[in-house]
Amino acid sequence: MFKRLPLPDTSAQKSVMVYFDGQQVTARDGDTIAAALLAAGVEACRTTPVSGAPRGPYCMMGVCFECLVEVDGVPNVQGCQILVKDGMQIRSQHGARRLG
Amino acid sequence: MTTHDLVILGSGPAGMAAAATAVTHGIKPVVVDEQPAPGGQIYRSIESTPVKERRILGEDYWQGKALIDGLGDPRIDYRPGTTLWQLTRRLEVGLLRGEQASMIRARHVILAHGAMERPFPIPGWTLPGVMTAGSGQILLKSAGLAPSAPVVLAGCGPLLLLLAVQYLRAGIPIAALLDTTSTGHYRDALRLLPGALRSAGTLFKGVGLLAELRRAGVRHVRHVTALEAQGDERLERIRWQCGDGAEWHYLSTPLLLLHQGVVPNTQVTRALDCTHDWDERQLAWHPRTDPWLATDVEGVAVAGDAGGIVGAKASAIQGRLAGLGAAMALGRAGEEQTRKEVKRLRRDLARETAIRPFLDVLYRPAAHWRLPEDDTLVCRCEEVTAGELRRMADQGCRGPNQTKSFTRCGMGPCQGRMCGLTVSELLADANGQSVAETGYYRLRPPFKPITLGQLATAAEDASR
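So the protein sequences, as listed, match chains A and B. Residue numbers for the first sequence follow numbering that gives the first Met the number 0, so the first one is 0 and each next one is one higher. Residue numbers for the second sequence follow numbering that gives the first Met the number 0, so the first one is 0 and each next one is one higher.
In case anyone wonders, no lab produced these hints; they're calculated from the structure. Because the structure is a prediction, the values reported are computed rather than measured. Treat the hints with care, as some may be off.
Claimed, not checked - Straight line, CA to CA, 20 angstroms or less: simulated SDA-like cross-link-like pairs of lysine to any residue: (1) A:K2 x A:K13; (2) A:K2 x A:F19; (3) B:K312 x B:G57; (4) A:K84 x B:R96; (5) B:K447 x A:L82; (6) A:K13 x B:W61; (7) B:K204 x B:W61; (8) A:K13 x B:A36; (9) A:K13 x B:E46; (10) B:K64 x B:R54; (11) B:K204 x B:L348; (12) A:K2 x B:G170; (13) A:K84 x B:G80; (14) A:K13 x A:G86; (15) B:K64 x B:R74; (16) A:K13 x B:P35; (17) B:K447 x A:N75; (18) B:K447 x A:I81; (19) B:K447 x A:V73; (20) A:K2 x B:K51; (21) A:K2 x B:A169; (22) B:K204 x B:P157; (23) B:K51 x A:R3; (24) A:K84 x A:Q22; (25) B:K312 x B:D359; (26) B:K27 x B:R74; (27) A:K84 x A:D28; (28) A:K2 x B:R96; (29) B:K312 x B:R346; (30) B:K51 x A:P7; (31) B:K447 x A:T47; (32) A:K84 x B:S47; (33) B:K447 x A:A95; (34) B:K51 x B:V164; (35) B:K204 x B:V360; (36) B:K312 x B:R343; (37) B:K312 x B:D347; (38) A:K84 x B:G97.
Using the sequences and the hints given, assemble the complete structure.
This is how it looks when you write it as structure tokens:
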């Protein structure tokens, strides 16, 4: 859906390695989790608790809560609000968030 | 609990201007923002955007630099990446940064948390691949990300046109711009043109955007009256109808960006139980404020789009007014001393907002874009359709808090942010009553998810 614009700066930018459902994803330093996943071609990052329908980021500004993912074991994290960090373990969230 | 003279929520134009003004009166404000960097959505990522070629995002964007530089004043305690999860009427402020929660107390609060995009409930709007124009622009500014295949933009309003032009300047092809502006609104808005000419600069920028789209030969489909996103598991194609025609037009696309204007984000002012009024022209709730932008909750003011849509420049002016209001409330400035500045600010504000009635009328989303058909999801989180809400109205539900109890509509993770406006308008329509009578959700903290473990750190912080 999205690609990096071929900008001079982008190549010079430090890259960050994260994991999405165990797969390595290269992100740009300064990306939010949701932006990094979209750049890596991830369309859906969770399924809904009601019907199990796939959902992906929608508003990118913290309002819609569609980009909820599990980050380093913490569920219900808004992917559009948190920046990627090297080695971050991101998991898609299926149905309702896990408790405890 | 530490006490601070002034806590400002949000570091967009209103919040940054409020902080800069407060500092000139000897106040050391705390500025809290959920985003990792200042600027709000309008000036987002100015300091770090990979899109350095100035003409792509445009000069209006780069103008935000001056306000952002002001936020670097060492007397401002700027806290990025910090979430507000609680604000009480006694001005206790609950914050979360990373895993650390804390409570601070404020003598005065300025809410400058801005706007959000109006819900755009069409069939298929929950499919991955359907996003908002605002999200497209955020991805462009913050990450240099743009659609990888020709994109469809649909809806109405200045932001939609601006994004289209920004994409064109970045060399991104646009498959179609589906314009939902109602035919009659051009005529209605024309009557307001003389008033709008007082903000001629803004008006001419809008005309310039339209001309740029035309020159580029973008497929600009006008008078779109119906739109659906279709696909299995993700967006594959869209279809639309135009004018009075019953014919459906189809287009394959992996990405649809929707937009029909912005509305105040009233989550916090609602939770504080500030009085809100339904603004029929902007089709949105506005917290009631006095000329100093103070709400009816003692010590709480609202500046910028959070109080009613005024745009970035007017938001900064309101921020300055609210900053002066705070200085006066805290006894740091007298009426005499600020009179001249206030007079100038009010004059500037009147000029900057003169275009609003024109824009509000021109880009007012028609009823069928706000009151979807029965099969369309209204509450994305709990997957409640318009039809279910209408059935609840038939069974006697008069307001959103009743339908919430019956259907869980508005009880999901977004806490009603994405459905609230639609639900109020839909129930008002179904019950034949006004939106004001129908009311809105009662909202409660926490405003954002916080784990018990994180909450416990606030108690540890307080006992230290």
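Here is what the structure says about each hint:
| no. | hint | verdict |
| --- | --- | --- |
| 1 | A:K2 x A:K13 | holds (17 angstroms) |
| 2 | A:K2 x A:F19 | holds (18 angstroms) |
| 3 | B:K312 x B:G57 | holds (15 angstroms) |
| 4 | A:K84 x B:R96 | holds (16 angstroms) |
| 5 | B:K447 x A:L82 | holds (17 angstroms) |
| 6 | A:K13 x B:W61 | violated (24 angstroms) |
| 7 | B:K204 x B:W61 | holds (15 angstroms) |
| 8 | A:K13 x B:A36 | holds (18 angstroms) |
| 9 | A:K13 x B:E46 | holds (16 angstroms) |
| 10 | B:K64 x B:R54 | holds (15 angstroms) |
| 11 | B:K204 x B:L348 | holds (18 angstroms) |
| 12 | A:K2 x B:G170 | holds (12 angstroms) |
| 13 | A:K84 x B:G80 | holds (14 angstroms) |
| 14 | A:K13 x A:G86 | holds (14 angstroms) |
| 15 | B:K64 x B:R74 | holds (19 angstroms) |
| 16 | A:K13 x B:P35 | holds (17 angstroms) |
| 17 | B:K447 x A:N75 | holds (10 angstroms) |
| 18 | B:K447 x A:I81 | holds (13 angstroms) |
| 19 | B:K447 x A:V73 | holds (14 angstroms) |
| 20 | A:K2 x B:K51 | holds (17 angstroms) |
| 21 | A:K2 x B:A169 | holds (12 angstroms) |
| 22 | B:K204 x B:P157 | holds (10 angstroms) |
| 23 | B:K51 x A:R3 | holds (14 angstroms) |
| 24 | A:K84 x A:Q22 | holds (15 angstroms) |
| 25 | B:K312 x B:D359 | holds (17 angstroms) |
| 26 | B:K27 x B:R74 | holds (5 angstroms) |
| 27 | A:K84 x A:D28 | holds (8 angstroms) |
| 28 | A:K2 x B:R96 | violated (31 angstroms) |
| 29 | B:K312 x B:R346 | holds (13 angstroms) |
| 30 | B:K51 x A:P7 | holds (9 angstroms) |
| 31 | B:K447 x A:T47 | holds (19 angstroms) |
| 32 | A:K84 x B:S47 | holds (17 angstroms) |
| 33 | B:K447 x A:A95 | holds (17 angstroms) |
| 34 | B:K51 x B:V164 | holds (16 angstroms) |
| 35 | B:K204 x B:V360 | holds (18 angstroms) |
| 36 | B:K312 x B:R343 | holds (14 angstroms) |
| 37 | B:K312 x B:D347 | holds (9 angstroms) |
| 38 | A:K84 x B:G97 | holds (13 angstroms) |
Hint compliance for this structure: hints 6, 28 are not met, and every other hint is.
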